[in-house]
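Mind docking chain D on chain R? Use the hints.
Protein sequences appear in the order of chains R and D.
Quick note on numbering: the first sequence equals residues 36 to 317 in the working numbering.
Quick note on numbering: the second sequence equals residues 4 to 293 in the working numbering.
There may be inaccurate statements among the hints.
To spell it out: a stretch of chain D is covered by chain R in this simulated footprint if at least three of its residues, at any positions, have a beta carbon under 8 Å from a beta carbon of chain R; those stretches are [stated by the list, open to error]:
id, stretch
1, 13-19
2, 97-106
3, 140-153
4, 206-217
5, 224-234
Calculated cross-link-like contacts (lysine to aspartate or glutamate; reagent style DMTMM-like; alpha-carbon spacing at most 25 Å) [claimed, not checked]:
id, chain 1, residue 1, chain 2, residue 2
6, D, K150, R, E242
7, R, K146, R, E98
8, R, K283, D, E236
9, D, K63, R, E150
10, D, K114, R, E112
11, R, K83, D, E97
12, R, K241, D, E125
13, D, K63, R, E112
14, R, K283, D, E239
15, D, K150, R, D174
16, R, K88, D, E88
17, D, K90, R, E217
18, R, K83, D, E237
19, R, K189, D, E271
20, R, K244, D, E97
21, R, K188, D, E88
22, R, K241, D, E88
23, R, K244, D, E236
24, R, K188, D, E261
25, R, K244, D, D89
26, R, K189, D, E97
27, R, K241, D, E119
28, D, K93, R, E242
29, D, K252, R, E112
30, R, K214, D, E88
31, D, K63, R, E131
32, D, K252, R, E286
33, R, K283, D, E261
34, D, K157, R, E131
35, R, K283, D, E237
36, R, K244, D, E119
37, R, K283, D, E233
38, D, K63, R, E242
39, R, K214, D, E236
Just so you know, these hints were derived from the structure itself, not from any lab.
The C-beta atom is built at its ideal place from N, Cα and C for all residues, glycine as well.
This is what each chain is made of:
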Amino acid sequence: MIISVASGKGGTGKTTVAVNLALALQPGHPVQFLDCDVEEPNAHFFLKPRIEKSREVLTPIPEIDDSLCVYCGRCAEVCAYNALAVVKCAVLVFSELCHGCGACTLLCPEKAIRETGKRIGVIESGRAGDIRFVHGRLDIGQAMSPPLIRALKKEMDPSRIVVIDAPPGTRCPVIESLKHSEFCLLVTEPTPFGLHDLELAAGAAKEMKIPCGIVINRASLGGGDGEIRSFCAREGIPVLMAIPFDRKIAEAYSRGQTMLEVYQDYRTEFLGLFDDIKRLLP
Amino acid sequence: MKQIVVISGKGGTGKTVMSGCFAVLARNAVLADVDVDASNLHLLLRPEIQERHIFRSGLKARIDTKKCTACGICLPFCRFNALSEDKEGKAVVESLSCEGCGLCYHICPEKAIEMETQVAGEWYISRTKYGPFVHARLGIAEENSGKLVTEVRKKARQLAETEGRNLVIMDGAPGIGCPVIASLTGTDLALIVTEPTPSGRHDMERIVGVARHFKIRTACCINKFDLNLENAEEIERWCLEESIPVAGKIPFDAAIPESVVHGVPYVEYTSNSSADDIRRMWSALLELIA
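One chain only, chain R, in its complex shape (with noise of 0.2 Å):
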């Protein structure tokens, strides 16, 4: 069962309702963590994994061969990405614009071109007690995170409890993250912006014909949750968890400690928000 946690708004909660859904459905059901938020993965403070094993993603990009080429230029014709470009006689590469589509290599009429790997991030895998953990880290300045992101997934071992915590948003990033979930809890809290971007993000779920439900983090700031649960009751998207404002919460967040490392009857919680989550699936 592949289940993902996001949210449209950033600091909601998403990493924290991930966590604790993990870490609530130990012992006794087979769990693999996902952190698919690449440029910023913080899952990891709170469940401290042990690292055992770590690679680096490499994506491919063009590779001039001079003695080849005849400067004819197709390579940059066919380049969507304007990753090429042809001078008098030299070819060009930015590889930062480079999508790794692979075009100009199989069209380049000289077989001038080959591809070589360009590191953007690495991907770590280990064990947080008997949760399978698995991060990506974007490198620092590489804009493109999505190919970071389908390396990390290929990881994913289906014959367990996925769960996914996805990156803020809802652009490339984060519907790559929640592609092939068969369940989607988005995170919100009740302040305008918090509504604002979970009808977004409501929206790409359903764009992606992914069931979800709602938890609502922090309920009892700003204004109520009154304005989200008539939103959700207008679109048919049930509410499955209320999680009040706690400063202790907060301040164990702070120190990278877990919900269910505060109080521990939030277990129980957890663990019917998966019964619910179950009951909804198709």
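Below, chain D without anything else, positioned relative to chain R:
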């Protein structure tokens, strides 16, 4: 003209709350929301939209099913897994996965694939009581957020020039990827809003790395600093070692989410001591870019 961008690495540290306050405190600025993916600043500035523009960017493949002969040649070449077969073996594009590279278009022997430009979003020029405001809305699941950010920034700078304003204040996106890089390049100062948590600290260090990579000057705001005084001190120490000025330390205050609920920038909502802290931070930032 100077440009300040407010970023954080980690989401939810308070970028937009601070940006909204700066919009009030700045006397002669153009405001811009460069978090085009999940933009929120308009919820505080209550803009009156004056101009609305369509943002066209990126291509997606479309199969002409009349021309497709189900030869299957294109299928194995797509690196984004965007092509599959229908019942008759004809190619189908999964548009959420298509990155618009056009490889299939080029190799199709039947010329059955078209590349279509996408409407990826909209951008707006608005009036607010605090000054002109450029903002945007990227369509759900659209790419090219970096290009839209660049578009918004270009418009904001033009507005500043034509209206004789000396500052552009930008509310940025979380993360370190393409929209953040697009919002950083060429700015005079990036204010990094962090919080005294392991995530806040770690994500700040990464975004400082990105700023350095692009040779952008940074300053730091420690928001909700009193949630963990020890961590806040450690962040201050780290900033000192790295020669990053700490422009402000703002306490956790339940009145801040309340001000957001009322849709009012915090320094206008109240004049309590944390609002004063934000005012002082703004003065410190002005000194830094002077």
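Tested hints:
As drawn, the stretch 13-19 of chain D meets chain R at 5 residues by the rule of a beta-carbon pair under 8 Å; at three or more, the given contact holds. Only residues whose C-beta sits within less than 8 Å of a C-beta in chain R count toward coverage, and the stretch 97-106 of chain D has 7 of them, enough to reach three; the restraint holds. Here's how the stretch 140-153 of chain D fares: 7 of its residues keep a CB closer than 8 Å to some CB of chain R, so the rule of at least three is met and the hint holds. Counting residues of the stretch 206-217 of chain D whose CB lies closer than 8 Å to any CB of chain R gives 6, which reaches the minimum of 3, so the coverage claim holds.
Beta-carbon proximity to chain R at under 8 Å applies to 4 residues in the stretch 224-234 of chain D; the threshold of 3 is reached and the given coverage holds. Of the pairs offered as hints, the one joining K150/D and E242/R holds, with about 23 Å between alpha carbons and a cut-off of 25 Å not exceeded. Between K146/R and E98/R, the direct Cα distance comes to roughly 11 Å. Compliance with the 25 Å bound is thereby established for this hinted pair. Annotation: proposed proximity of K283/R to E236/D holds, straight-line Cα distance about 20 Å (limit 25 Å).
Proposed proximity of K63/D and E150/R is supported: the alpha carbons are some 24 Å apart, at most 25 Å. The straight-line distance between the Cα atoms of K114/D and E112/R is roughly 17 Å, inside the 25 Å bound, and the hint therefore holds. Taking the CA atoms of K83/R and E97/D, the gap is near 37 Å; set against the 25 Å cutoff, the hint is violated. Distance check on the hinted pair: K241/R and E125/D sit about 21 Å apart at the alpha-carbon level, within 25 Å; holds.
The suggested pairing of K63/D with E112/R holds, with an alpha-carbon distance near 17 Å, which does not exceed 25 Å. Our distance criterion of 25 Å between C-alpha atoms is met by K283/R and E239/D, whose separation comes to about 23 Å. For the hint linking K150/D to D174/R, the alpha-carbon distance of about 21 Å falls within 25 Å, and the restraint holds. Taking the CA atoms of K88/R and E88/D, the gap is near 37 Å; set against the 25 Å cutoff, the hint is violated.
With a C-alpha separation of about 24 Å, the suggested pair K90/D and E217/R falls inside the 25 Å cut-off, and the hint holds. Of the supplied pair hints, the one linking K83/R and E237/D holds, its CA atoms being roughly 21 Å apart against a limit of 25 Å. For the suggested pair K189/R and E271/D, the alpha carbons sit about 49 Å apart, so the restraint of at most 25 Å is broken. Straight-line distance between C-alpha atoms of K244/R and E97/D comes to about 13 Å, which keeps the hinted pair within the 25 Å bound.
A threshold of 25 Å between alpha carbons decides the hint, and for K188/R with E88/D the separation of about 23 Å falls inside it, so the pair holds. In summary, the hint linking K241/R to E88/D is supported, as the alpha carbons are separated by about 23 Å, within the 25 Å threshold. Between K244/R and E236/D the CA atoms are separated by roughly 46 Å; this puts the pair beyond 25 Å, and the hint is violated. Pair hint K188/R plus E261/D does not hold up; C-alpha atoms about 39 Å apart against a cutoff of 25 Å.
A C-alpha spacing of about 19 Å is found between K244/R and D89/D, which places the hinted pair at or below 25 Å, so the restraint holds. A hinted pair counts as satisfied when its Cα atoms are at most 25 Å apart, and K189/R with E97/D qualifies at roughly 19 Å. Distance check on the hinted pair: K241/R and E119/D sit about 23 Å apart at the alpha-carbon level, within 25 Å; holds. At roughly 23 Å between alpha-carbon atoms, K93/D and E242/R fall within 25 Å of each other, so this suggested pair holds.
Among the hinted pairs, K252/D with E112/R is inconsistent with the structure: their alpha-carbon atoms are about 52 Å apart, more than 25 Å. At most 25 Å may separate the alpha-carbon atoms for a hinted pair to count; K214/R and E88/D meet this at roughly 19 Å. Simply put, K63/D and E131/R have alpha-carbon atoms about 21 Å apart, close enough for the 25 Å limit, and the pair holds. Taking the CA atoms of K252/D and E286/R, the gap is about 17 Å. The hint holds against a cut of 25 Å.
Between K283/R and E261/D the CA atoms are separated by roughly 20 Å; this keeps the pair inside 25 Å, and the hint holds. At most 25 Å may separate the alpha-carbon atoms for a hinted pair to count; K157/D and E131/R meet this at roughly 21 Å. With a C-alpha separation of about 21 Å, the suggested pair K283/R and E237/D falls inside the 25 Å cut-off, and the hint holds. Taking the CA atoms of K244/R and E119/D, the gap is about 24 Å. The hint holds against a cut of 25 Å.
Note on K283/R and E233/D: the hinted pairing holds, with a Cα-Cα distance of about 16 Å set against a maximum of 25 Å. Under the criterion of a C-alpha separation no larger than 25 Å, the hint pairing K63/D with E242/R is consistent with the structure, at around 17 Å. At most 25 Å may separate the alpha-carbon atoms for a hinted pair to count; K214/R and E236/D exceed this at roughly 41 Å.
Checked against the numbered hints listed earlier, the structure breaks hints 11, 16, 19, 23, 24, 29 and 39; every other hint is satisfied.
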